[in-house]
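Asks: In case you want the letters, here they are:
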Amino acid sequence: MTADHWTLIALLAASTLVLRVVGYVAGAAMLQSRFWQRVLDVFPGCLLTALIASALARGTPVDWIAAAVAVTVAITTRSILLTMIAGMATVLAAGTLL
Amino acid sequence: MRQGLIAILPLALGVAAYGFAFGVLAAEAGFSAAGIATMGTLVFAGTSQIAAVDQFLSTGTVIGAALAGAALNLRYIGIVASVVPILRELPWPTRLIALQGATDENFALVLSARKTNPKIGGRFLLGTALGLVAAWTCSTVAGGIVGAQIPNLADYGIGFAFTAAFIAMARGLWPGRAALAPWGISFALTIALIQLGLPSAAALILGALAGVSSDFVFNGNPKNDG
Numbered sequence: 021m022t023a024d025h026w027t028l029i030a031l032l033a034a035s036t037l038v039l040r041v042v043g044y045v046a047g048a049a050m051l052q053s054r055f056w057q058r059v060l061d062v063f064p065g066c067l068l069t070a071l072i073a074s075a076l077a078r079g080t081p082v083d084w085i086a087a088a089v090a091v092t093v094a095i096t097t098r099s100i101l102l103t104m105i106a107g108m109a110t111v112l113a114a115g116t117l118l
Numbered sequence: 011m012r013q014g015l016i017a018i019l020p021l022a023l024g025v026a027a028y029g030f031a032f033g034v035l036a037a038e039a040g041f042s043a044a045g046i047a048t049m050g051t052l053v054f055a056g057t058s059q060i061a062a063v064d065q066f067l068s069t070g071t072v073i074g075a076a077l078a079g080a081a082l083n084l085r086y087i088g089i090v091a092s093v094v095p096i097l098r099e100l101p102w103p104t105r106l107i108a109l110q111g112a113t114d115e116n117f118a119l120v121l122s123a124r125k126t127n128p129k130i131g132g133r134f135l136l137g138t139a140l141g142l143v144a145a146w147t148c149s150t151v152a153g154g155i156v157g158a159q160i161p162n163l164a165d166y167g168i169g170f171a172f173t174a175a176f177i178a179m180a181r182g183l184w185p186g187r188a189a190l191a192p193w194g195i196s197f198a199l200t201i202a203l204i205q206l207g208l209p210s211a212a213a214l215i216l217g218a219l220a221g222v223s224s225d226f227v228f229n230g231n232p233k234n235d236g
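As you go down the protein sequences, you meet chains F and Z in turn.
Numbers given in the numbering used here equal positions in the first sequence, counted from 1, plus 20.
Numbers given in the numbering used here equal positions in the second sequence, counted from 1, plus 10.
I should point out that these hints are in silico values taken from the structure, not numbers from a laboratory.
It is possible that some hints are incorrect.
If we take Cβ atoms under 7 Å as the criterion, some of the chain Z residues that face chain F in the derived model are [to be verified]: (1) Y28; (2) F41; (3) A43; (4) A55; (5) A62; (6) A80; (7) N83; (8) Y86; (9) A158; (10) P161; (11) A191; (12) W193; (13) I201.
Cβ-Cβ distance ranges computed for the label pairs, FRET-style [stated by the list, open to error]: (14) A46/F / T51/Z: 22 to 30 Å; (15) Q13/Z / W26/F: 36 to 44 Å; (16) G115/F / P101/Z: 53 to 61 Å; (17) Q205/Z / A46/F: 38 to 46 Å; (18) A34/F / L208/Z: 25 to 33 Å; (19) A34/F / P101/Z: 18 to 26 Å; (20) P81/F / Q13/Z: 45 to 53 Å; (21) Q205/Z / A34/F: 39 to 47 Å; (22) T80/F / E99/Z: 48 to 56 Å.
Since the structure is predicted, the reported quantities are computational estimates derived from the model, not experimental observations.
Glycine included, C-beta positions come from ideal geometry on N, C-alpha and C.
Please work from the sequences and hints to get the whole structure.
Replies: Now the structure itself:
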């Protein structure tokens, strides 16, 4: 592990703690503001779709096929583990077949 | 506390399963077992850990990875705010532990259990938190130890596991058709910005912010919601 790995852990730990403390101290007041309530509701989903997009933007056609399979499994099962297994199995199978 | 520990067991098993997978991937990104244990305990936010390690693995930038992870944790403001009355039942040292352990998996469980049994409170929350922290940390470390022994994980499709995990997490957050425009714009703009040559970390933050802004346009301004 390098210093970068430890720095990432420290930054993540600090930012998560700050957000939890903000939630404890000011969360109720923030949730009374419709603006902040909307931002806090919508932002995580938007960021997740952006993360998926950033992975697929540099991905191969096999990754796009695996993503379609993963979306189907996620919709039907709602299971993180099953979706991961289905996505990885598709990449593995397509890599063997193509 | 024991009641909370027992109640969280089924969820903790599910968390342990994808915690193990995350540990394997973190090992691929160069994290040692000690590093994974430290991250699991001090951060204890699965989605943000996965997002940060994914960005670190693909872009190599610490700040971009930390920003992606921190941004996903914005929802903790709402999660913690909803359990503040329960947290206040605990003395300070244990209150801090329960605060650190409040997460997606247990806050809803505690709130719904409290509705049916008003005696459920801080100690129940503490039990669920301890169960989840133990399950997450142990499983991620076990995954890290196993992952470090397996070379060329990319050959097994493991590189796609993060993307699949994000897809499943997004499914869990899907609020209905109102999210079509903001999520679609986030997705399309992030791809477009990366194709235009912007670094991934910047593109995904800009894409997500554009998605949030578009929600105000397509789903109405909150000031006018009545």
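Asks: Go through the hint on A62/Z and say holds or violated, using the shortest Cβ distance to chain F against 7 Å.
Replies: holds (6 Å)
Asks: Using the beta carbons of A46/F and T51/Z, state whether their distance is inside 22 to 30 Å or not.
Replies: The hint (22 to 30 Å, Cβ to Cβ) holds, given that A46/F and T51/Z are roughly 25 Å apart.
Asks: Given the range 36 to 44 Å, decide if the beta-carbon distance of Q13/Z to W26/F lies inside it.
Replies: With a Cβ separation near 37 Å, Q13/Z and W26/F satisfy 36 to 44 Å, so the hint holds.
Asks: Hint check: is the beta carbon of Y86/Z less than 7 Å from a beta carbon of chain F?
Replies: OK, holds: Y86/Z within 7 Å of chain F, min 5 Å.
Asks: Checking hints one by one. Is W193/Z an interface residue toward chain F, by the C-beta closer than 7 Å rule?
Replies: holds (5 Å)
Asks: Against chain F, run the beta carbon of A55/Z and see if the smallest gap drops under 7 Å.
Replies: A55/Z check passes; min Cβ-Cβ to chain F is 5 Å, inside 7 Å.
Asks: G115/F and P101/Z, beta-carbon distance inside 53 to 61 Å?
Replies: For G115/F and P101/Z the Cβ distance comes to about 55 Å; the hint holds.
Asks: Falls inside 25 to 33 Å, the C-beta gap from A34/F to L208/Z?
Replies: holds (27 Å)
Asks: Taking 18 to 26 Å as the hint, is the beta-carbon distance of A34/F and P101/Z inside that range?
Replies: Roughly 25 Å apart at Cβ, these two residues keep to the hinted range, so it holds.
Asks: Would you settle whether the hint for P161/Z is holds or violated, based on the nearest Cβ-Cβ distance to chain F being less than 7 Å?
Replies: violated (16 Å)
Asks: Have a go at the A80/Z hint: is there a Cβ in chain F nearer than 7 Å to its own Cβ?
Replies: holds (4 Å)
Asks: Do the Cβ positions of T80/F and E99/Z conform to the proposed distance bound of 48 to 56 Å?
Replies: holds (52 Å)
The structure does not agree with the numbered hints 3, 9, 10, 11 and 21 stated previously, though it agrees with the rest.
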